Amino acid sequence: MSDLRLRTLHTCESTIITTRGDIDIATAPVLEKHLSALASQGRRHLVLNLSHTAYMDSSGLAAVMRTHKTLQHIGGEIAIIGCQPSVGRILNLVGFHHLFTVRDRSQRRPRGAAEAAPVVAPAH
Numbered sequence: 000m001s002d003l004r005l006r007t008l009h010t011c012e013s014t015i016i017t018t019r020g021d022i023d024i025a026t027a028p029v030l031e032k033h034l035s036a037l038a039s040q041g042r043r044h045l046v047l048n049l050s051h052t053a054y055m056d057s058s059g060l061a062a063v064m065r066t067h068k069t070l071q072h073i074g075g076e077i078a079i080i081g082c083q084p085s086v087g088r089i090l091n092l093v094g095f096h097h098l099f100t101v102r103d104r105s106q107r108r109p110r111g112a113a114e115a116a117p118v119v120a121p122a123h
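The sequence shown runs 0 to 123 under numbering that gives the first Met the number 0.
Keep in mind that a hint or two might mislead.
Unchecked claim - Here are the simulated lysine to any residue pairs, SDA-like style, with alpha carbons at most 20 Å apart: (1) 32 x 84; (2) 68 x 93; (3) 68 x 41; (4) 68 x 31; (5) 32 x 6; (6) 32 x 56; (7) 32 x 7; (8) 32 x 44; (9) 68 x 40; (10) 68 x 28; (11) 68 x 98; (12) 32 x 72; (13) 68 x 51; (14) 68 x 99.
Claimed, not checked - Pairwise CB distance ranges (calculated): (15) 40 x 85: 30 to 40 Å; (16) 88 x 11: 15 to 25 Å; (17) 88 x 39: 28 to 38 Å; (18) 85 x 11: 31 to 41 Å.
By construction, these hints were calculated from the structure, which means they are not laboratory data. No experiment lies behind these values; they were computed from the predicted model shown. A virtual CB, placed ideally from N, CA and C, is assigned to each residue, including glycine.
Sequences are here, hints too, so could you generate the full structure?
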């Protein structure tokens with residue numbers, strides 16, 4: 000079974016969730032539950048940092064898409080940063096870059112990320 004670790008940083012402008020590990024059928028529900036909880040808490044601007052994630056399957060894509068739709072309904076947005084080439088290709092192939100910001104590992108992190116204090120989210 001895959002292990003997914005999540006680390007959450009709250010900034011003035013957004014909430015940055017850094018994943019460590021693969022996002023697949025076993026771990027996508029953990030990610031989606033965490034993202035949904037953040038949206039329920041009023042966190043409308045989520046940044047998903049995938050710099051430590053080398054693999055994402057359709058379960059992960061679906062979790063991100065459902066989060067995108069949830070955030071749209073409350074006037075929010077999701078962005079994906081730090082994509083490794085394998086994940087970035089999949090996101091571009093399915094057209095996510097047309098729906099929201101998708102940045103690869105070579106692009107800058109969002110404003111406020113460097114000065115944020117970590118809040119580690121429990122992942123099961």
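Right, here's what the structure says about each hint:
1. 32 x 84: violated, 26 Å
2. 68 x 93: The hint holds at about 16 Å.
3. 68 x 41: It holds: about 15 Å lies between the C-alpha atoms, which stays within 20 Å.
4. 68 x 31: Roughly 12 Å between the alpha carbons, so the hint for residue 68 and residue 31 holds.
5. 32 x 6: With Cα atoms ~14 Å apart, residue 32 and residue 6 stay inside 20 Å; holds.
6. 32 x 56: holds, 17 Å
7. 32 x 7: holds, 13 Å
8. 32 x 44: Judged against 20 Å, a Cα distance of about 16 Å means the pair holds.
9. 68 x 40: holds, 16 Å
10. 68 x 28: holds, 16 Å
11. 68 x 98: Roughly 10 Å separates the two Cα atoms, so the pair holds.
12. 32 x 72: It holds: about 17 Å lies between the C-alpha atoms, which stays within 20 Å.
13. 68 x 51: violated, 25 Å
14. 68 x 99: holds, 11 Å
15. 40 x 85: 30 to 40 Å: holds, 31 Å
16. 88 x 11: 15 to 25 Å: violated, 33 Å
17. 88 x 39: 28 to 38 Å: holds, 32 Å
18. 85 x 11: 31 to 41 Å: Since residue 85 and residue 11 have Cβ atoms about 32 Å apart, the given range 31 to 41 Å holds.
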